[in-house]
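Colleague: Each chain, letter by letter, is given below.
There are 2 protein chains.
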Amino acid sequence: MIKKMRIGIVGSGALGLYYGGMLQRSGQGVNFLLRRDLHAIQQNGLHVHSVNGDFYLPQVAGFANANEIGPVDLVIVGLKTFANDHLINLVRPLVGEQTAILTLQNGLGNEELLAAEFGGENILGGVAFLCSNRGESGHVHHLGEGKIRLGEFSGGLSERSKILQAMFETAGVPCEAVADLRRARWEKLVWNIPFNGLCALLRQDTDQVLALPEGRELAHRIMQEVVTGGNAQQLQQPIDGREFIERMIYLTDQMGGYKPSMMIDRLENRPLELEAIYAIPLQQAAAAGINMPRTQMLYTLLKAGESPI
Amino acid sequence: MIKKMRIGIVGSGALGLYYGGMLQRSGQGVNFLLRRDLHAIQQNGLHVHSVNGDFYLPQVAGFANANEIGPVDLVIVGLKTFANDHLINLVRPLVGEQTAILTLQNGLGNEELLAAEFGGENILGGVAFLCSNRGESGHVHHLGEGKIRLGEFSGGLSERSKILQAMFETAGVPCEAVADLRRARWEKLVWNIPFNGLCALLRQDTDQVLALPEGRELAHRIMQEVVTGGNAQQLQQPIDGREFIERMIYLTDQMGGYKPSMMIDRLENRPLELEAIYAIPLQQAAAAGINMPRTQMLYTLLKAGESPI
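Chains as they are written, first to last, in the UniProt record's numbering: chain A, 1 to 309; chain B, 1 to 309.
Each hint should be verified, as a subset may be incorrect.
Which copy? The list can't say, so a pair holds if one copy fits it or any two copies do.
With a straight-line Cα cutoff of 30 Å, these simulated DSBU-like cross-link-like pairs (lysine-lysine) come out [claimed, not checked]: (1) K303 / K188; (2) K259 / K3; (3) K4 / K303; (4) K259 / K4; (5) K303 / K259.
In short, the hints are calculated from the structure, not lab data.
Could you put together the complete structure from these sequences and hints?
Modeller: Quick look at the structure:
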């Protein structure tokens, strides 16, 4: 039996709406901090269109301002990292004595940002393997996957992690609590760094990038750089690069023409999550003496593309 | 006094029309093999709009088929290298017992292609520093520069090279005969490989690429790779990378927002000269044991962009 928690969702894009909706459906007390969808959700609730079956939540607690929510047991952060300048101010009103903060944002640096303000012992992170997008206001589409791997920012397999794992599993979200969050983050980067960037830069989906033998070779070499960078970060157990990369490439081939989030951001002229997915991993690798020339070049090309043309 | 030569121009794009027009104005017997501009030039001659002063040639010998021209003293090749499949057939009717063939095409591999068919002793190559484009049919625009550095495919400073130098100089085209054509080609690549590719990939001009510190750093590193690749090719004298790269970057900053030919090719959805400017230099460097990871990555990204999206 899972205890009912009071939860605040910061960053109610597709990820926040989907996970928040699943948690509310399972009986959790979910409060959404909303911008675009505020009015639609306050008036008409939330429609979740999922590959696992659609559902509708007629009554949803949506707020424009975090002060209206106040302290919660659990903050779940789904904010795009390019909006991290606002993260602390958005989260602060939700934090009380016992509040845990779980960031499901992309890349590196998010737990550190929260820990500096709210204390590392209160921070958890997770990587989400979710394919979702927003439709019209008040509607979210879950297109596939959904698994979360989460763990303590301070490391170790805590009771709290296991409770959150059970909470998500009860809500129908596959979840694994891990002892080494840093390793989970770098493992995700092994996929995100090549495919988010190459697809965004070339405006091509994963199938198109892998169709060219040189494109496949380049993705492979970038993945090797990320494995090397990650394995220099004192992980509890190194990533087995050869096996892991081959599995990632195999799974990507199975996915068909997938459009990573960064590609969609670029197609829709939004900023890209370059700090979290490129700049900070590059800095951490460099600090450990690892040079990632192709990753650095991809970052530079993506950053150049952010300039007004 | 320069002997009058019978000249055939193969590949009458902006480069072929400009140099051919300059040579005809100086009294040379120029025959243009034409496609797009055939009718306009046969009817109305050639208009040259130049930063050095406009001129008009009312009578221009334009042909649709090289057989109508027949053997000449000098073939000048200005064909885009992505059309090199047609090069031998276009040149063959122009070649007699004494014909010299000068290719002013971009990149590497063009002299070799001609030498395999017509004999290396008949081949010269040159790098052209020319900023020009075509306007309406029968008009060519010379926007700046124009210097040619030419030399023997077989190496050495021949009498023939000096005669061609004098021919161009007499026609108002700055020209330098060089003993080491291979070095001249690699020196040009030190600029072409970074700037043609980065500008085409990003659809940004040279100023935009150099505006970002990371973009400037990347251009610099790619240039270093090309210098290293070139200096492994048994040049008569190595390229002084440090001095040469700094001068090239300085000159590029002076050029203002320049759009390299490959960027224009991409903006106009033409094929790119990837074999001559990337694939063959990469092969030659690899054969000498030199790895050019950023150049290889740039080539891959450009090639991926050639696929139908």
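Colleague: Please go over all the hints and tell whether each is borne out by the structure.
Modeller: Hints, verified against the model:
Taking the shortest alpha-carbon separations for K303 and K188, both the intra-copy value of 21 Å and the inter-copy value of 27 Å come in at or below 30 Å. Taking the closest pair of Cα atoms, K259 and K3 never come within 30 Å of each other, the shortest separation being 37 Å inside a single copy and 63 Å across copies. Taking the closest pair of Cα atoms, K4 and K303 never come within 30 Å of each other, the shortest separation being 43 Å inside a single copy and 54 Å across copies. In this assembly of identical chains, K259 and K4 lie within 30 Å of each other by CA distance neither inside one copy nor across copies; the values are 36 Å within and 62 Å between.
Within a single copy, K303 and K259 get their C-alpha atoms as close as 19 Å, and across copies as close as 20 Å, so both meet the 30 Å cut-off.
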